[in-house]
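Colleague: Here the protein sequences line up with chains P and R, keeping their order.
In our numbering, each residue carries its 1-based index in the first sequence increased by 1.
In our numbering, each residue carries its 1-based index in the second sequence increased by 8.
It cannot be assumed that every hint is accurate.
[What the hints assert, rightly or not] Here are the simulated DMTMM-like cross-link-like pairs (lysine to aspartate or glutamate), alpha carbons at most 20 Å apart as the crow flies:
id: 1; chain 1: R; residue 1: Lys-198; chain 2: R; residue 2: Glu-59
id: 2; chain 1: R; residue 1: Lys-256; chain 2: P; residue 2: Glu-316
id: 3; chain 1: P; residue 1: Lys-320; chain 2: R; residue 2: Glu-254
Hints are computed from structural coordinates only; laboratory data are not their basis.
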Amino acid sequence: MANVLAVLEQRDGTLKRVSHETLSAGRTLASAIGGELHAVLIGPGGMDGDGLGAWGADTVFVTADDALALYQASSYADVVTSRVADGTYGAVLLAATAMGRDLAPRIAARLGCPLAGDVTALEYDEGIVVGRPVYAGKADYRLRITNSPCVITLRPNNFSPSESQAAGAIETVGFAGASDGVACTVLVKEPGKAALDVAEAPIVVSGGRGLKEPEHFKLIEDLAAALGNAAVGASRAVVDAGWRPHAEQVGQTGKTVSPNLYVAVGISGAIQHLAGMRTAKVIVAINKDKDAPIFKVADYGIVGDLFKVVPRLTEEIRKVRGN
Amino acid sequence: MKIAVSVKRVPDTETRIKIGPDGKSINEAGVKFVLNPYDEYAVEEALRLKEAAGTGEVVVYSLGGDACQETIRTVLAMGADRGVLLKTNERSLDPLPVARLLADALRDEGFDLILTGKLAVDDYSHAVGTMVAELLGIPSVSAVAHLMIADGKGTAEREIEGGVEVVDFPLPAVVTTDKGLNEPRYPALKGIMMAKKKPLEVRDVELTSGGIEVVTLTLPPERQGGRIVGEGADAVPALIEALRTEAKVL
Ligand SMILES: Cc1cc2nc3c(=O)[nH]c(=O)nc-3n(C[C@H](O)[C@H](O)[C@H](O)COP(=O)(O)OP(=O)(O)OC[C@H]3O[C@@H](n4cnc5c(N)ncnc54)[C@H](O)[C@@H]3O)c2cc1C
Ligand SMILES: Nc1ncnc2c1ncn2[C@@H]1O[C@H](COP(=O)(O)O)[C@@H](O)[C@H]1O
Numbered sequence: 002m003a004n005v006l007a008v009l010e011q012r013d014g015t016l017k018r019v020s021h022e023t024l025s026a027g028r029t030l031a032s033a034i035g036g037e038l039h040a041v042l043i044g045p046g047g048m049d050g051d052g053l054g055a056w057g058a059d060t061v062f063v064t065a066d067d068a069l070a071l072y073q074a075s076s077y078a079d080v081v082t083s084r085v086a087d088g089t090y091g092a093v094l095l096a097a098t099a100m101g102r103d104l105a106p107r108i109a110a111r112l113g114c115p116l117a118g119d120v121t122a123l124e125y126d127e128g129i130v131v132g133r134p135v136y137a138g139k140a141d142y143r144l145r146i147t148n149s150p151c152v153i154t155l156r157p158n159n160f161s162p163s164e165s166q167a168a169g170a171i172e173t174v175g176f177a178g179a180s181d182g183v184a185c186t187v188l189v190k191e192p193g194k195a196a197l198d199v200a201e202a203p204i205v206v207s208g209g210r211g212l213k214e215p216e217h218f219k220l221i222e223d224l225a226a227a228l229g230n231a232a233v234g235a236s237r238a239v240v241d242a243g244w245r246p247h248a249e250q251v252g253q254t255g256k257t258v259s260p261n262l263y264v265a266v267g268i269s270g271a272i273q274h275l276a277g278m279r280t281a282k283v284i285v286a287i288n289k290d291k292d293a294p295i296f297k298v299a300d301y302g303i304v305g306d307l308f309k310v311v312p313r314l315t316e317e318i319r320k321v322r323g324n
Numbered sequence: 009m010k011i012a013v014s015v016k017r018v019p020d021t022e023t024r025i026k027i028g029p030d031g032k033s034i035n036e037a038g039v040k041f042v043l044n045p046y047d048e049y050a051v052e053e054a055l056r057l058k059e060a061a062g063t064g065e066v067v068v069y070s071l072g073g074d075a076c077q078e079t080i081r082t083v084l085a086m087g088a089d090r091g092v093l094l095k096t097n098e099r100s101l102d103p104l105p106v107a108r109l110l111a112d113a114l115r116d117e118g119f120d121l122i123l124t125g126k127l128a129v130d131d132y133s134h135a136v137g138t139m140v141a142e143l144l145g146i147p148s149v150s151a152v153a154h155l156m157i158a159d160g161k162g163t164a165e166r167e168i169e170g171g172v173e174v175v176d177f178p179l180p181a182v183v184t185t186d187k188g189l190n191e192p193r194y195p196a197l198k199g200i201m202m203a204k205k206k207p208l209e210v211r212d213v214e215l216t217s218g219g220i221e222v223v224t225l226t227l228p229p230e231r232q233g234g235r236i237v238g239e240g241a242d243a244v245p246a247l248i249e250a251l252r253t254e255a256k257v258l
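Can you build the whole structure from these sequences, using the hints too?
Modeller: Here's what the structure looks like:
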């Protein structure tokens, strides 16, 4: 009977929303295995880990130190692997974020254990079984993990955050200090600090070359604002043209997103774009070409001129949402 | 500067994927294979760093079957100096055994910098480069879109959610590369001719499957063909209705 360890993520001392997904998936797995869910929270001095029992954590191990305010691969890996060294863990879960994708392979290599990255399904069937999209989203592996412990990263927006009451006991763990000669994050530039990241947003509104000019992205931004909790995404065509930052690019060479709602505006639906968004729960396409490939994957489509359709859509959504 | 680049041979992302008869791997017949797109950035960066230093060596490593020789030759044609194929016909869905073989090959070679792609577009593991760093006990920065190397130290920038992380690190180190780092060059005819004469060493290695077994490989369920709710702005109310009552996302 093994326990599950959820590695949580914070920014500026505030727990990131995606960590609720990690906790919820961890709770489900721990209960299936018949073990406990523990969490590791690493962040700046003063972080306390209160309230995580509500997300299913039996125990939260908090290491709060100002030297750990920003993600530091080596120090964070030290904290996590010394926790895992207690030997009770069957799985270590992280979110497949910039941090999780950097930290997970460090931890797995240090522990000498397997890593399943970017999983979209996690089950227990006499052992851990995961699902992972591969080949640019064109095929799905089902993989059985034959080693314990293992390290798994969870693709954001695939595991619904759900509350479940557990003890949420807190244990404080001191930080021994960073070793010499390691990579150190010295600074985080946050141009879009207030903006939601496409990879994490529950709703994504993306624009493509059909918008004709960079200024017209105002239409996309307005629609996203009307929907609320939405991020702006972009096709590669408009990123390469310099209209939008690479951080917004959705697709094979951009971000992979699985929002509840994905709205593609003036995007043709090239295979490389689909690779990044085909796991969205609901896809809406607005395109003037009724034969555009995006309509093959869209749940709902409007054939028409985006310059007429989008303003109307924004207006109607404002009405529905009362803003 | 002595720089290693690790590259993988992967199916072209334009290619149609068919599942093989074992139900656990792809049917490779008719599939076009290419240099992993993210590895192109790693190769380009290595070549630029060597060119800027005016001296040094760029060595390309690949692990896989004999066909990887072609991938290595492509990189030699771009300008790398020599290649090493770690030859095996096995595959591992666990990135750790792959990283271990690469780390063993790189360990005693005295590289200042090891460059890999941030991910391979076939298995999407996002792992091998960072694992190699951990196994070698050196720093790493992953998914780097901007890199500066000077005086035995590096500064890298990588995109994180809603921001950019700036990371300082000492050499030797591993850097995994993201789109935006540079514009990879195409091999020129002269480079292709020269590549034929460059050394390419083949070493047999034994790859284990690690701690991950394939149960099945399947095509994703076709998205249930959606419907066009209408044409033009007049279709907006019908769309909103569908999003509220059917899809329940509003
Ligand atoms: C190796 C590789 C990697 C790639 N990675 C990515 C990636 O990560 N992400 C990505 O997006 N692409 C990627 N691409 C590029 C991809 O192949 C396409 O070129 C790109 O997605 C096209 O962008 P688009 O849909 O905005 O433009 P287009 O294909 O030009 O489509 C524009 C669409 O807008 C519609 N339109 C025009 N005017 C209007 C109007 N007034 N109203 C309504 N609709 C209108 C048109 O009908 C058309 O369908 C990659 C390509 C390669 C080779
Ligand atoms: N078989 C391999 N041979 C050489 N390099 C590899 C191999 N597999 C992965 N890599 C390197 O590791 C990077 C990340 O791959 P992955 O962790 O498999 O997503 C790739 O971009 C390559 O640079």
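Colleague: Determine for every hint whether it applies to the structure shown.
Modeller: Now the hints, each set against the structure:
1. Our distance criterion of 20 Å between C-alpha atoms is met by Lys-198 of chain R and Glu-59 of chain R, whose separation comes to about 17 Å.
2. For the hint pairing Lys-256 of chain R with Glu-316 of chain P, the CA-to-CA distance comes to about 19 Å; that is within 20 Å, so the pair holds.
3. Restraint check for Lys-320 of chain P and Glu-254 of chain R: satisfied, since their Cα atoms lie roughly 19 Å apart, inside the 20 Å limit.
Consistency with the previously given hints is maintained throughout, with no hint failing.
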